[in-house]
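Peer 1: Sequence:
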Amino acid sequence: MAEQAEQLDFIWEGTDKNKKKSGGEISAKSEAIAKTELRRQGYRVTKFKKKPKPLFKARVQAITPGDIAIFARQLATMLSAGVPLVQSFDIVGRGHENLSMRDLLLGIKADIEGGDTLSEALGKRPIYFDELFCNLVNAGEHAGILETLLGKIATYKEKTESMKKKIKKALTYPISVVVVAFVVTTILLIFVVPVFEDLFKSFGADLPAFTRMVIDMSEWMQEWWWIVIGIVVGAVYTFGYFKKRSKPFNHFLDKTLLKIPVVGLILNKSAIARFARTLSTMSAAGVPLVDALESVAGACGNIIYAEAVLKMREEVATGQRLQFAMSQANLFPHMVQQMVAIGEESGSMDAMLAKVADFYEEEVDNLVDNLSSLMEPIIMVILGILVGGLIVAMYLPIFKMGAAVG
Numbered sequence: 001m002a003e004q005a006e007q008l009d010f011i012w013e014g015t016d017k018n019k020k021k022s023g024g025e026i027s028a029k030s031e032a033i034a035k036t037e038l039r040r041q042g043y044r045v046t047k048f049k050k051k052p053k054p055l056f057k058a059r060v061q062a063i064t065p066g067d068i069a070i071f072a073r074q075l076a077t078m079l080s081a082g083v084p085l086v087q088s089f090d091i092v093g094r095g096h097e098n099l100s101m102r103d104l105l106l107g108i109k110a111d112i113e114g115g116d117t118l119s120e121a122l123g124k125r126p127i128y129f130d131e132l133f134c135n136l137v138n139a140g141e142h143a144g145i146l147e148t149l150l151g152k153i154a155t156y157k158e159k160t161e162s163m164k165k166k167i168k169k170a171l172t173y174p175i176s177v178v179v180v181a182f183v184v185t186t187i188l189l190i191f192v193v194p195v196f197e198d199l200f201k202s203f204g205a206d207l208p209a210f211t212r213m214v215i216d217m218s219e220w221m222q223e224w225w226w227i228v229i230g231i232v233v234g235a236v237y238t239f240g241y242f243k244k245r246s247k248p249f250n251h252f253l254d255k256t257l258l259k260i261p262v263v264g265l266i267l268n269k270s271a272i273a274r275f276a277r278t279l280s281t282m283s284a285a286g287v288p289l290v291d292a293l294e295s296v297a298g299a300c301g302n303i304i305y306a307e308a309v310l311k312m313r314e315e316v317a318t319g320q321r322l323q324f325a326m327s328q329a330n331l332f333p334h335m336v337q338q339m340v341a342i343g344e345e346s347g348s349m350d351a352m353l354a355k356v357a358d359f360y361e362e363e364v365d366n367l368v369d370n371l372s373s374l375m376e377p378i379i380m381v382i383l384g385i386l387v388g389g390l391i392v393a394m395y396l397p398i399f400k401m402g403a404a405v406g
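Counting in this note's numbering, the sequence shown runs from 1 upward without gaps.
Any given hint could be a false lead.
[What the hints assert, rightly or not] Calculated lysine-lysine pairs in the BS3-like style (CA-CA distance at most 25 Å, straight line):
#1 K255 to K169
#2 K166 to K243
#3 K165 to K243
#4 K20 to K50
#5 K255 to K168
#6 K169 to K159
#7 K50 to K164
#8 K124 to K152
#9 K20 to K47
#10 K165 to K152
#11 K244 to K166
#12 K17 to K50
#13 K164 to K247
#14 K164 to K355
#15 K243 to K259
#16 K168 to K259
I should point out that these hints are in silico values taken from the structure, not numbers from a laboratory.
When you get a sec, could you build the whole thing from the sequences and use the hints?
Peer 2: Written out as structure tokens, the structure is:
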């Protein structure tokens, strides 16, 4: 894909067709294009210069999936209000606070002005607009219901992003327990225990076994702390490396996560919710079931479910009903299969799947809240055991001496 030419900002002054003074800012790929556009709009330009760059360059912001969801909603609203497509992009783009998003939208606008359809312009930017997004826009353009499908895309994006945030929240708590426990224990072993060790040496008495074990751990940490840091850094790097490059590792990871108590239940229900939400959106757009299932597989967020959906696609392509193919996958609850069967028989697949998605999204929401409530006391218990154990180990010799003196 060729790089998009950078949009330049210009400041101009002039008069309109009625000799009335006017002026403002305009963005274009070159000065000549900008002046041509102003003449086309009926302005006679008297002053024209490039807009000076600010002294302190604005911080470049990343474009998030949330930005794309908001854009879809804004564009759907503009088109529903009767605003032309190019003008809609101009309004939404120039009003965006995220400069990266502004450049992206104005670049799409330039492509549309150059003769591309909206789906073609979006397809040139696969980093931000996936195949599902482009396919739905293309279906909307051909059916003449672009604003309707953009609204459905916006709803789909908003729902899926909300689901992702909930999953991240659910996984953050267990990880935070491990990290906090590790950091607190390390600090105590390296900085606190040595103070007590010096005190105990002055006593000259034998130390209890538990205290001796903690002191030995402290001495080891003081001498070999760099090994611990190396192991942690190496483990994080290795995990990230294989997560990005190894399909077998991702398969093992996703399969393992699905079996973890509570967390696995959340991931299972979220995968079903994504499956239902994506297939509902594509069915409402009139996308054939076999074609839709290919996009649905990539939207499930879990390799196990993605492989199952692709296998279901093969069975549907040979003439099998979707409900039967789902029953063979052994991943979808009976209720989901029955809703799909009703949708197939009544011709209301999109509505039935939307109800399934709503139900499982609410289930995930409740499970995440319950997990959060459950993890808070667990964190306190784990930290209490670690910190309390170390404190008891340090005070045991003092208690022992006190008992001897008494």
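Peer 1: Provide an ascending list of the numbers of those earlier hints which the structure does not satisfy.
Peer 2: Of the numbered hints given earlier, the structure breaks just one, which is hint 7.
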